[in-house]
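Trainee: So the chains spell out like this:
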Amino acid sequence: MDRCNSKKLVFSKGNIDRFAYTELVRNYSARIFAICFSMLSNKDDAEDITQQAFLKGFTDIKQLRDLDKFGAWITQIAKHMCLDLLRKRKLNKIALKQIATDYVKDESTYDQDKYTRLQSALMQLTEEYRLPLLLYYFDGQSTKSIAESLEITTATAQTRLSRARRKLRQLLSTKRGTR
Amino acid sequence: MKITCEKIRDKLADMINDHLDPKDDTVLASHLEQCPECSKYYHDLQTDDQVLREFADSMQPTLTRIETNISKKLETTKIKTISLQKNNILRFAVAAVILIGIIVTLNQFGIILDGTSTAWAKVSQIILEIRTITFNIVIGKGPVVSCIASEGKLKQKLPSGIEAIFDYDKSKILVINPNDKTAMTIELSGLPIMPSNLFENLKSTIEILREYPDTIVKRLGKKEINNEETTGIHIYIDESLDIKIWYNTKDNMPALIIAENMIGQTNVVFSNFNFDVIVDESVFNLDIPENYTEIESTKMDFKNLTEQDLTEGLRVWASLMENKFPEKLDLAIIQEHSKVIEQKLTAKGISDIEKALTVIKIMRCLMFVQQIQTDWYYYGDGVELGDINTAIFWYLPKGSTTYRVLYGDLHIENTESQDLPKIH
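Residue numbers (numbering that gives the first Met the number 0), protein chains in the order written: chain A, 0 to 178; chain B, 0 to 423.
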């Protein structure tokens, strides 16, 4: 995924055209979607907030001083929007998990058998482990890209990802045992 | 045995992250052969990996939909301009005219502030209430320019003796050169609402800063200026704007103001203030003084900017920069080039007035670009003036569906969006 070109796409500080911005959206949409999905545990909400975040990013682009920091900046916008939504809905962690589980049950477009257990296990992971895992699969499939998104070292990203796999495995095997 | 298995399983998880095969690791390979539990565990990790991968793939249509929707909505979404930003370039253009011979750019004010203080409130209020003022101004390493300013009016005197009088209400500038007794008038039309001088500019900036509840204000300690004790405050905004004010400790009147990065990356220093002085209105008289020869009268319309302003400005700009087009079309870049532009113009041996007219051309080009409300794209960085094959700029004229593409030799072609030149 080509992120380093974002500066080239933009022709001057605070000025950006729609064409260039669409390129930025293409480069960062998977990352932002993964973050929103991880925070909201719901595909439709994640889709909605991802769109809103990028549109807000466009209208507020002049507030961004350094276009090299677009990734971090748009991530912050998306995170704030997710938190806002969660606050509005007054969701606490338990309720969130409940909704996630309900959502999984209601979702008919997915291969139920394959993804239901996976999603519900994912939602039981803490954010610390869920997000690296989602970023890994949704956006880039490398520890380097996770490290970049989360502003942590590659070594930390590697550790979190491995632990996430092991915890997920534990959750999945427990579930299987109780079935 | 158990500890070893745990460690092995950690290692296996790491290997999945890096797409590595445990068979390539002799220790792991031999353990997996001997330990059916770990072997099964590895198989399960692989299955999880596969399911996660498929799960992510199942999101692909969603991602595509997100991108398409955003792309559609962008067509009707407008970029928010930060207060004052929109008119900065126009303000700059006028300032360039006013500060004859000095190349000036106004930076965009991106304003993010923290903190507040009473000293700042008092001092800024005093500055805002100032109506008539005389002061000295130094822009960057430029000369000391003495100014008399009243609301909407400004008279500036450069060390060379050249004077410029600007009357905002009358939209007129008179430039007089006592050295050769020549004068020039510039009639302006379509002026935006703008500060008529840099002190007014400073005031409008201060006004905005005051509106923000979170401005950072730091004390800078005491300093003696003109035998009076002053107190310094530092109003930190971000790297784009950074104001330091030293005010008289007794009466809170400002003694020295340094507006860092006020103009591009250049500092503006205001000093030697005389506040609310009684100014004889005749100092702002716009008539050509007796015994002066009017050399040129120019009209500048700030509304009717045309494509010709774009091409002419770029031509002038490139010809001053070794026939290479500038890296970008923004205010910061002209600031970076200002020294070279000034040197080149001086080397040409042209008068200050001609210098100013050249700068105005570049300004008009930037103003033309600034007022394009639809898409535009500049990619002239390093392209040679006269290059007939390389596109340097395109834009979509308002209400048109056909793009206008400008090439290195400054000819323009109509192009459909799908045929727009690729970014090189």
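Please note that a few of the clues may not be correct.
One side only, chain B facing chain A, incomplete, derived with CB under 8 Å [unchecked claim]:
no., residue
1, Ile-7
2, Arg-8
3, Asp-9
4, Asp-43
5, Arg-52
6, Asn-68
7, Lys-72
8, Asp-374
9, Leu-409
Calculated from the structure, these hints are not laboratory results.
Everything numeric in this text was worked out from a predicted model, so none of it was measured.
Glycine residues also receive a C-beta, built at the ideal position from the N, C-alpha and C atoms.
Trainee: Quick check: which numbered hints come out false for this structure?
Mentor: 1, 9
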